[in-house]
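Novice: Using the hints provided, position chain B relative to the given structure of chain A.
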Amino acid sequence: MSKFRKKKKGMPAVNTAALPDIVFMLLFFFMVTTTMRETTLKIDNPVLPTATEIKKLEHKSLVCTIYVGKSKDTGRDGEGYNKIQLNDKISTADQVPAFIIGAREKVSEAEVPFMTTSIKADKQSNVGTITDIRLKLRDVNALKISYSASPGAGN
Amino acid sequence: MARRENPEINAGSMADIAFLLLIFFLVTTTMNVDSGVSKKLSEKPPADYVPPIIKEKNIFVVLINRNNDLLVEEQPMDVKDLKEAAIKFIDNGGGIGTPGTDGTPGTPCDYCKGERSESSSDHPNKAIISVQSDRGTEYGTYIQVQNELLRAYSFLRNRLSNERYGISFDELEESYKDDRNNEDLKKKVEDIKKAYPQIISDAEPTS
Chain A
1 MSKFRKKKKG MPAVNTAALP DIVFMLLFFF MVTTTMRETT LKIDNPVLPT
51 ATEIKKLEHK SLVCTIYVGK SKDTGRDGEG YNKIQLNDKI STADQVPAFI
101 IGAREKVSEA EVPFMTTSIK ADKQSNVGTI TDIRLKLRDV NALKISYSAS
151 PGAGN
Chain B
1 MARRENPEIN AGSMADIAFL LLIFFLVTTT MNVDSGVSKK LSEKPPADYV
51 PPIIKEKNIF VVLINRNNDL LVEEQPMDVK DLKEAAIKFI DNGGGIGTPG
101 TDGTPGTPCD YCKGERSESS SDHPNKAIIS VQSDRGTEYG TYIQVQNELL
151 RAYSFLRNRL SNERYGISFD ELEESYKDDR NNEDLKKKVE DIKKAYPQII
201 SDAEPTS
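Which chain is which? The protein sequence lines are A and B, in order.
If you're matching positions, the first sequence starts at 1 in the working numbering and goes up one per residue.
If you're matching positions, the second sequence starts at 1 in the working numbering and goes up one per residue.
Extracted from the complex, chain A is given alone in its bound form:
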C-alpha cells in the first residue's frame, strides 16, 4: 500500500520566482511605448479630421499642443465645439501668446524657431476659432503649425 500512497501528493506549489521578472518586463514595456499625457483633457477627446497628406511631428519636446473641442463640463464652460484648452484649463484665444511664450522658456533659444504648434481640433469645430488662434500665433511669431489629423482616405 505504501507504494500507492507515495503517488498521492497535494497540488505542487507553482514556482513564482520568475513572476516579478515578467511583471517588471511588462512594466518597462509600457513605460517605453506609451506617451504620457502631460495635461488632463478638459474637453472631450477630439474627433480628428482625416487627411492623406500628413506629416509626422518630430521632436516631441518642441511641440506644444492646443486642443479645441467640446467641453466635458458643459455646465461650467458652455456648449459648443469651440472651447480652447491650453495647458490644463479652458482658455480663450487671447491667452494663446502667453501659452506659447511659456512653452518657449522651456527650450533653449536656438531651438525656438523649430518649435511647432499642434492644433488638435474636433471635426465639428469652426474655422473661426482656428483663425483666432492662428492670428494670435502669428503675433508671437510661432509660424510652424500642424493641424492634427488622423491618416485615412480623407473621403
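Some hints could be false.
[Claimed, not checked] Each computed PhoX-like pair below joins lysine-lysine, with the alpha-carbon atoms no more than 20 Å apart:
id : chain 1 : residue 1 : chain 2 : residue 2
1  : B       : 83        : A       : 144
2  : A       : 55        : B       : 177
3  : A       : 60        : B       : 39
4  : A       : 123       : B       : 80
5  : B       : 88        : B       : 186
6  : B       : 177       : A       : 123
7  : B       : 39        : A       : 136
8  : A       : 55        : B       : 40
9  : A       : 60        : B       : 177
10 : A       : 144       : B       : 80
11 : A       : 55        : B       : 193
12 : A       : 144       : B       : 177
13 : A       : 56        : B       : 39
14 : B       : 40        : A       : 136
15 : A       : 56        : B       : 177
16 : B       : 83        : B       : 193
17 : B       : 39        : A       : 55
18 : B       : 186       : A       : 55
19 : A       : 123       : B       : 39
20 : A       : 136       : B       : 44
21 : A       : 60        : B       : 40
22 : A       : 56        : B       : 44
23 : B       : 88        : A       : 144
[Stated by the list, open to error] Calculated from the model, a selection of chain B residues having no Cβ within reach of chain A, i.e. all distances over 12 Å:
id : residue
24 : 50
25 : 53
26 : 59
27 : 186
28 : 187
The set of hints was computed from the structure by calculation and includes no laboratory data.
Ideal Cβ placement from N, Cα and C applies to all residues, glycine included.
Specialist: Below, chain B alone, put in the same frame as chain A:
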C-alpha cells in the same frame, strides 16, 4: 503520514512565454505618433504693407461657406473634384514665371502639361491658391479642402520628379530625410520644390 515536499514545477519555459508576449505586443501595437497637416504661417506684415497687385488669372479662389459648400472660381464644386481643378490651374503654364531674385528674367514653364490657356495661371510659381472660409465653416471640411489642395501639389511634384529623376518625390524626400548631408539629394528636392512651390493662402474669414 509523513508530509512530503512538493516537487517544483519546471518554470524554465516561463521566460519563453513572456518573450512571446513581448514580441506579440511589439508587433501589434502602434506607437501613438502625432501627425498632421503641416502649414507655415506667413509673417505678420508691417503696418504700412501694401499687398502686391496680382493678376486675377493667377489666383484660384476657393470659397467655403457656412454650410460647408464649395465655390471654386465662382462655380459650385464637390470636394472630390477640387484636386483635378487645382491641378489644371497650377499646371496651366500660360505665360512666363516670376523673375529670379538675381534679376534673371522669368521663363515659360517648360515642364507644365496644362492647356496653356490665356485665362488661367501663368506659371506654377505665380499660381496662388486662396482659400476663403466662413467663421462658421466646419473644421473638418476646411482640412479636407487643404488636404485636396496638397494632394494636387504632391501629384504634380511626384510627376515631375518621376520624369526628371525616375523616382517619386515622396521617395526622394524620404531618402533625403535619412541622409541629411547628401548634397545631391538636397539639390533634387529643392529643384522640385522650386518647380512647384506650394502657395496656399488663407484669407481672413468672413463672418
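Novice: Hints first: check each against the structure and report whether it holds.
Specialist: These are the hints, each one checked on the structure:
Our distance criterion of 20 Å between C-alpha atoms is broken by residue 83 of chain B and residue 144 of chain A, whose separation comes to about 24 Å. Proposed proximity of residue 55 of chain A and residue 177 of chain B is supported: the alpha carbons are some 12 Å apart, at most 20 Å. Among the hinted pairs, residue 60 of chain A with residue 39 of chain B is consistent with the structure: their alpha-carbon atoms are about 17 Å apart, no more than 20 Å. Distance hint between residue 123 of chain A and residue 80 of chain B is fulfilled; the C-alpha atoms sit about 18 Å from each other, no more than 20 Å.
Our distance criterion of 20 Å between C-alpha atoms is broken by residue 88 of chain B and residue 186 of chain B, whose separation comes to about 28 Å. Distance restraint check for residue 177 of chain B and residue 123 of chain A: the Cα-Cα separation of roughly 31 Å exceeds the 20 Å cut-off, and the hinted pair is therefore not satisfied. Restraint check for residue 39 of chain B and residue 136 of chain A: the C-alpha separation of about 15 Å stays at or below 20 Å, so the hint holds. Between the alpha carbons of residue 55 of chain A and residue 40 of chain B the distance comes to roughly 13 Å, so the proposed pair stays at or under 20 Å and holds.
Restraint check: the Cα-Cα separation between residue 60 of chain A and residue 177 of chain B comes to about 17 Å, which is no more than 20 Å; the hinted pair holds. Annotation: proposed proximity of residue 144 of chain A to residue 80 of chain B is violated, straight-line Cα distance about 28 Å (limit 20 Å). A threshold of 20 Å between alpha carbons decides the hint, and for residue 55 of chain A with residue 193 of chain B the separation of about 16 Å falls inside it, so the pair holds. Distance hint between residue 144 of chain A and residue 177 of chain B is fulfilled; the C-alpha atoms sit about 19 Å from each other, no more than 20 Å.
Simply put, residue 56 of chain A and residue 39 of chain B have alpha-carbon atoms about 13 Å apart, close enough for the 20 Å limit, and the pair holds. A C-alpha spacing of about 14 Å is found between residue 40 of chain B and residue 136 of chain A, which places the hinted pair at or below 20 Å, so the restraint holds. A threshold of 20 Å between alpha carbons decides the hint, and for residue 56 of chain A with residue 177 of chain B the separation of about 12 Å falls inside it, so the pair holds. Under the criterion of a C-alpha separation no larger than 20 Å, the hint pairing residue 83 of chain B with residue 193 of chain B is consistent with the structure, at around 19 Å.
For the hint linking residue 39 of chain B to residue 55 of chain A, the alpha-carbon distance of about 10 Å falls within 20 Å, and the restraint holds. Restraint check for residue 186 of chain B and residue 55 of chain A: satisfied, since their Cα atoms lie roughly 19 Å apart, inside the 20 Å limit. Our distance criterion of 20 Å between C-alpha atoms is met by residue 123 of chain A and residue 39 of chain B, whose separation comes to about 18 Å. Restraint check for residue 136 of chain A and residue 44 of chain B: the C-alpha separation of about 10 Å stays at or below 20 Å, so the hint holds.
Under the criterion of a C-alpha separation no larger than 20 Å, the hint pairing residue 60 of chain A with residue 40 of chain B is consistent with the structure, at around 18 Å. Using a Cα cut-off of 20 Å, the hinted pair residue 56 of chain A and residue 44 of chain B is violated, with the two alpha carbons roughly 26 Å apart. Restraint check: the Cα-Cα separation between residue 88 of chain B and residue 144 of chain A comes to about 29 Å, which exceeds 20 Å; the hinted pair is violated. Distance to chain A confirms residue 50 of chain B as a non-interface residue, since its nearest Cβ pair spans about 19 Å, more than 12 Å.
Distance check on residue 53 of chain B: its Cβ is at least 23 Å (rounded) from any Cβ of chain A, clearing the 12 Å threshold; non-interface status holds. No beta-carbon of chain A comes within 12 Å of the beta-carbon of residue 59 of chain B; the shortest separation is about 20 Å. With a least CB separation of 18 Å from chain A, residue 186 of chain B remains clear of the 12 Å interface cut-off, as annotated. Annotated as non-interface, residue 187 of chain B keeps its C-beta farther than 12 Å from every C-beta of chain A; the closest such distance is 22 Å.
When each numbered hint is compared with the structure, violations occur for hints 1, 5, 6, 10, 22, 23.
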